[in-house]
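Start from the sequences and build out the full structure, keeping to the hints where you can.
Heads up: the sequence shown begins at 90 in our numbering, then just goes up one per residue.
Think of the hints as simulated: they come from the structure by calculation, not from any bench.
Quick caveat, the model's predicted, so the values are computed rather than measured.
Don't take every hint at face value.
[Stated by the list, open to error] In silico BS3-like links for lysine-lysine, alpha-carbon gap of 30 Å or less:
hint: 1; residue 1: K569; residue 2: K556
hint: 2; residue 1: K569; residue 2: K503
hint: 3; residue 1: K601; residue 2: K585
hint: 4; residue 1: K263; residue 2: K615
hint: 5; residue 1: K707; residue 2: K615
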Amino acid sequence: MKVHSYYLLFVVLTICMLLGCNKEADKKTDHRYTTWSSYLGDPGRSHFTTLDQITPNNVSQLEIAWRYNAPDWGQMQMNPLVVDSMVYGVTAALRVVALHAETGEEIWQFGDSVQVWHSTSRGVSYWQKGDDKRILCTRGADLYALNALTGTPIPSFGTNGKIDMRSGMPETAKEKFVISNTPGTIFKDIIVMPLRISEGSDAAPGDVMAFNVITGEQEWVFHTIPHPGEYGYETWDDPNAYKNPMVGAANNWAGMALDEEEEIIYVPTGSAAPDFYGGDRLGSNLFANSLVALNANTGEYLWHYQFTHHDIWDRDLPAPPNLLTVEHNGQKIKAVAQVTKQGYVFVFNRLTGEPLFDIEEITVSPSTLPGEVAWPTQPIPTLPKPFARQSSELTQEDINPYAENREELLAFFKSAQKDVYSPPNLQPTLLLPGYDGAAEWGGAGVDPEDGILYVNSNEMAWNLTMKVNETKTNTMPLGKRIYSSKCATCHQTDRKGLVASGFPSLIDIHLKKSKEEILTIITQGKGMMTGFPTLSDSEKDALIQFLFNEEQTSSNNAKKEITSTTEENPYLHGGYHKFLDSNGLPGISPPWGTLNAIDLNSGEFLWSIPFGETISLKVKGYPTTGTENYGGPIITQNGLLLIAATKDGYFRAYNKLTGKLLWEYELPAASFATPSTYEYKGKQYIVLACGGEKLGTEKGNQIIAFALPNP
Numbered sequence: 090m091k092v093h094s095y096y097l098l099f100v101v102l103t104i105c106m107l108l109g110c111n112k113e114a115d116k117k118t119d120h121r122y123t124t125w126s127s128y129l130g131d132p133g134r135s136h137f138t139t140l141d142q143i144t145p146n147n148v149s150q151l152e153i154a155w156r157y158n159a160p161d162w163g164q165m166q167m168n169p170l171v172v173d174s175m176v177y178g179v180t181a182a183l184r185v186v187a188l189h190a191e192t193g194e195e196i197w198q199f200g201d202s203v204q205v206w207h208s209t210s211r212g213v214s215y216w217q218k219g220d221d222k223r224i225l226c227t228r229g230a231d232l233y234a235l236n237a238l239t240g241t242p243i244p245s246f247g248t249n250g251k252i253d254m255r256s257g258m259p260e261t262a263k264e265k266f267v268i269s270n271t272p273g274t275i276f277k278d279i280i281v282m283p284l285r286i287s288e289g290s291d292a293a294p295g296d297v298m299a300f301n302v303i304t305g306e307q308e309w310v311f312h313t314i315p316h317p318g319e320y321g322y323e324t325w326d327d328p329n330a331y332k333n334p335m336v337g338a339a340n341n342w343a344g345m346a347l348d349e350e351e352e353i354i355y356v357p358t359g360s361a362a363p364d365f366y367g368g369d370r371l372g373s374n375l376f377a378n379s380l381v382a383l384n385a386n387t388g389e390y391l392w393h394y395q396f397t398h399h400d401i402w403d404r405d406l407p408a409p410p411n412l413l414t415v416e417h418n419g420q421k422i423k424a425v426a427q428v429t430k431q432g433y434v435f436v437f438n439r440l441t442g443e444p445l446f447d448i449e450e451i452t453v454s455p456s457t458l459p460g461e462v463a464w465p466t467q468p469i470p471t472l473p474k475p476f477a478r479q480s481s482e483l484t485q486e487d488i489n490p491y492a493e494n495r496e497e498l499l500a501f502f503k504s505a506q507k508d509v510y511s512p513p514n515l516q517p518t519l520l521l522p523g524y525d526g527a528a529e530w531g532g533a534g535v536d537p538e539d540g541i542l543y544v545n546s547n548e549m550a551w552n553l554t555m556k557v558n559e560t561k562t563n564t565m566p567l568g569k570r571i572y573s574s575k576c577a578t579c580h581q582t583d584r585k586g587l588v589a590s591g592f593p594s595l596i597d598i599h600l601k602k603s604k605e606e607i608l609t610i611i612t613q614g615k616g617m618m619t620g621f622p623t624l625s626d627s628e629k630d631a632l633i634q635f636l637f638n639e640e641q642t643s644s645n646n647a648k649k650e651i652t653s654t655t656e657e658n659p660y661l662h663g664g665y666h667k668f669l670d671s672n673g674l675p676g677i678s679p680p681w682g683t684l685n686a687i688d689l690n691s692g693e694f695l696w697s698i699p700f701g702e703t704i705s706l707k708v709k710g711y712p713t714t715g716t717e718n719y720g721g722p723i724i725t726q727n728g729l730l731l732i733a734a735t736k737d738g739y740f741r742a743y744n745k746l747t748g749k750l751l752w753e754y755e756l757p758a759a760s761f762a763t764p765s766t767y768e769y770k771g772k773q774y775i776v777l778a779c780g781g782e783k784l785g786t787e788k789g790n791q792i793i794a795f796a797l798p799n800p
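Next up, the structure:
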């Protein structure tokens with residue numbers, strides 16, 4: 090009898106091992122979480138690793154293992170990929186580089202050594218079938234396929250190694266501004282591409298397009314502005330919205346998540362264009378501002394949820410969703426969690442789209458702008474509570490206590506609208522969370538099995554005000570009219586810019602850049618500024634003349650027509666004005682940046698702490714304030730949260746269970762990017778890009794890898 094019992098025990102243990110009953114062992118050996126060959130770690134965008142050489146006990150011993158000095162200086166948002174012995178990254182001028190994982194030595198570089206691109210990139214995609222290994226990257230509207238070992242374009246892909254992503258768009262969009270800042274999602278032999286397009290009435294449609302990785306041919310397309318007969322078509326009052334030249338976008342720019350087992354791709358979308366005034370696109374506007382689940386093989390619609398109806402606040406979904414498993418009512422559920430600019434986390438059954446926490450449709454205020462019809466309700470999740478303050482919650486006590494002009498700030502605060510989803514109008518609205526959001530493009534990290542989500546957040550309030558469009562008059566010279574309709578929102582009517590908000594002055598631009606350089610920026614864009622390729626040569630020339638103070642105000646010049654339709658909107662956005670005090674600090678009280686751990690099993694917060702320091706206040710002995718931050722975390726199974734992202738330029742390690750700071754290191758330049766981790770020859774590394782520049786920080790050019798010292 091005892092022999093029989095032991096035999097049964099042996100059989101049970103054997104079956105458990107074969108079936109993977111030891112979940113922790115399974116997770117540790119799951120290949121998805123021991124490599125970093127996908128954007129943000131894995132197709133589920135978890136930011137998660139089971140590598141465990143670096144621990145909460147020894148993380149303070151980290152030191153720089155290698156540095157790579159890139160040929161270009163400035164902002165690098167890229168999350169490096171690591172495959173075998175190669176680290177793949179993108180420099181500030183969009184050069185793709187392959188570095189040796191142990192030394193940081195450059196193996197190859199792909200990029201034009203003469204033409205400088207002024208965009209930003211969050212990285213590349215990797216695909217492999219047998220010995221065929223490819224890196225997929227973008228420059229402008231072109232998608233390239235490179236040999237992953239040599240960096241040379243693969244001739245059989247498209248034409249000489251590249252395709253124009255606009256080739257899959259309607260004819261009317263093939264000259265419009267289209268780029269991609271975020272790596273595409275690889276599934277089998279296809280890549281599904283995020284697209285960044287204009288946010289004005291010259292925007293291309295935000296179609297989700299899949300291309301064959303081997304040939305470059307389009308595999309499928311999903312119309313985010315539905316065509317006749319497609320689901321969601323009736324949510325646009327204009328039956329011709331899908332082909333209206335003044336309506337576009339509803340694009341995915343932040344990236345996607347993929348469930349490889351279920352073969353479902355989850356696509357978060359942005360607002361329809363033009364932003365802020367939707368008189369030409371009335372209706373709830375599916376599939377803008379939605380999480381859309383598609384069959385990854387075909388692009389077939391499965392389910393969706395819309396987070397903002399008829400968006401007039403630029404509430405794009407800022408980051409890929411996270412795939413994870415949660416426990417609700419005693420059951421394990423495959424879930425998808427989406428963080429938002431508004432500071433909400435929405436959690437769904439990823440197979441059915443059913444919300445796992447109740448969502449309330451609350452009544453919001455109507456618009457007072459003629460021609461605009463704001464949607465009467467907006468969705469708010471009951472749990473989790475927002476991870477950022479809301480403008481409607483603020484009181485006079487929330488004005489910055491360190492401000493020297495507190496009365497001035499208080500006067501604006503009292504005069505501004507502060508309701509949730511206050512429609513933009515000619516009076517100021519205090520927008521909190523702000524334009525960039527609470528959640529940023531760095532996104533959240535999760536432990537895929539325990540249901541905990543970690544998200545860093547900004548708390549920067551902005552002044553949202555509309556203005557009457559005065560460019561419709563033909564008495565204004567052509568160059569000035571184009572500037573007023575295309576450029577003044579960011580750089581201001583007087584060209585002084587909003588330096589504190591990140592928009593440089595264009596006064597005396599002729600002393601800093603040549604006409605050729607300005608022409609390139611107008612056409613291609615720079616950083617997060619979109620380009621204007623649809624402007625005619627004469628319009629570009631007139632704009633340059635205006636910027637160089639050479640434009641004549643003759644009657645002939647004044648009567649020239651602008652071919653762009655942007656100016657036809659009766660109201661324009663009044664500009665991106667941060668709510669700041671006289672010292673350039675946020676007008677509201679700290680914290681100005683936070684780091685949060687949220688249990689998505691219960692919807693409750695585990696902890697929330699200020700994230701980052703305001704150096705000017707820290708040296709005076711003030712408590713930690715938190716600061717603006719861009720870039721996401723790494724989450725380790727053994728208890729660490731590793732993140733840079735902050736304006737103060739530090740790389741930090743926290744205990745993920747408590748939020749306790751364990752270690753910090755001042756970088757050579759701020760890292761507005763998500764780090765990666767990998768193991769090579771038995772040694773674990775953490776690699777991140779330090780480009781600075783954003784938020785007025787010093788420029789840098791280094792990619793740095795950290796590791797523990799050799800024993």
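Here is how each hint holds up against the structure:
1. K569 - K556: holds, 17 Å
2. K569 - K503: violated, 35 Å
3. K601 - K585: The hint holds at about 15 Å.
4. K263 - K615: holds, 20 Å
5. K707 - K615: violated, 33 Å
Violated hints, in rising order: 2, 5; the structure is consistent with all others.
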